[in-house]
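Participant: From first to last, the protein sequence lines are chains Z and Y. First residue of the first sequence: 1, per this note's numbering; consecutive thereafter. First residue of the second sequence: 1, per this note's numbering; consecutive thereafter.
Just so you know, these hints were derived from the structure itself, not from any lab. Hints may contain errors.
Pairs count within a copy or across copies, as identical chains cannot be separated in the list.
Said to hold, decoys possible - The list that follows gives simulated cross-link-like pairs (lysine-lysine, BS3-like), each with its CA atoms no further than 25 Å apart:
#, residue 1, residue 2
1, K54, K33
2, K4, K36
3, K69, K4
4, K36, K60
5, K36, K69
6, K4, K33
7, K97, K69
8, K97, K33
9, K60, K95
10, K95, K17
Quick caveat: nothing in here was measured; it's all calculated off a predicted structure.
Protein chains: 2
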Amino acid sequence: MDPKTLARYEARAHIIKAMAHPTRLFLVDELAKGEKCVCELTELVGADISTVSKHLSLLKNAGIVQDDKRGLMVFYTLRTPCVLNLFACIEGVMKQKAAEALAALES
Amino acid sequence: MDPKTLARYEARAHIIKAMAHPTRLFLVDELAKGEKCVCELTELVGADISTVSKHLSLLKNAGIVQDDKRGLMVFYTLRTPCVLNLFACIEGVMKQKAAEALAALES
DNA sequence: TTCTTATTTGGTATAATTGCCAAGTAATCG
DNA sequence: CGATTACTTGGCAATTATACCAAATAAGAA
């Protein structure tokens with residue numbers, strides 16, 4: 001891979017990596033329903049607020065979400081809803097794998 | 001997050017993690033063009049064959065590619081082309097980020 | 001059978017990720 | 001002003017990922 005091609009795939013990987021964590025996938029899914037503050041997301045996730053904040057900051061840095069501070073609270077929104085299409089694909093992969101495992105047991 | 005929900009997001013994250021690496025994204029992209037053996041992919045990537053083999057094994061484990069041994073060679077194919085849709089979305093995120101960076105410079 | 005080729009697996013050093021706590025910022029309230 | 005609330009950032013220990021080399025496997029050729 002030449003340096004230019006590598007750089008392109010690194011940039012892509014950076015964005016995908018931002019979603020490659022259960023908590024961050026959950027955050028994306030929650031934000032798909034609409035704007036939410038860090039406090040509400042923290043409640044839903046059930047981790048330390050600093051942990052959730054760092055996950056959100058990573059998603060923001062990747063360009064997937066954006067934040068908006070209003071008063072004391074910071075509201076996050078999903079900026080690129082197309083990432084949700086991936087979820088459907090992923091579900092397909094999971095079903096395919098499950099069907100395969102079943103077939104292996106039956107044979 | 002309750003344990004059941006967590007498990008669902010962990011399963012999803014596992015599949016996305018499999019793509020969250022520049023080399024593996026490149027491999028997926030190459031396999032989208034058609035079946036290729038490990039030797040050819042190794043040549044294209046330019047890393048140790050053991051490294052490429054491990055990347056492919058990870059993708060296979062996630063259900064994204066499948067392998068087929070014929071003689072001495074092992075041929076890999078993309079099993080879930082829907083992951084390619086993500087690439088278009090990712091490009092969109094990258095363009096959006098670039099446009100934003102430009103706007104920040106101009107202001 | 002032994003030799004060669006294509007690939008995988010084991011081992012290991014190095015680097016990156018993660019999550020919590022503690023400390024820092026920023027906006028609002030009294 | 002100081003106090004409080006909502007969030008971010010720094011620091012650090014524990015875990016996980018990555019890449020190479022070396023050794024193992026598997027299939028075909030001599």
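Participant: Are the hints correct? Go through all of them and say.
Facilitator: Hint check results:
no. : hint      : verdict
1   : K54 - K33 : within (21 Å within a copy, 37 Å between copies)
2   : K4 - K36  : between (38 Å within a copy, 23 Å between copies)
3   : K69 - K4  : neither (37 Å within a copy, 32 Å between copies)
4   : K36 - K60 : within (14 Å within a copy, 36 Å between copies)
5   : K36 - K69 : within (11 Å within a copy, 50 Å between copies)
6   : K4 - K33  : between (37 Å within a copy, 20 Å between copies)
7   : K97 - K69 : between (42 Å within a copy, 20 Å between copies)
8   : K97 - K33 : between (28 Å within a copy, 23 Å between copies)
9   : K60 - K95 : between (30 Å within a copy, 15 Å between copies)
10  : K95 - K17 : both (23 Å within a copy, 18 Å between copies)
Hint violations for this structure: number 3 only, all remaining hints satisfied.
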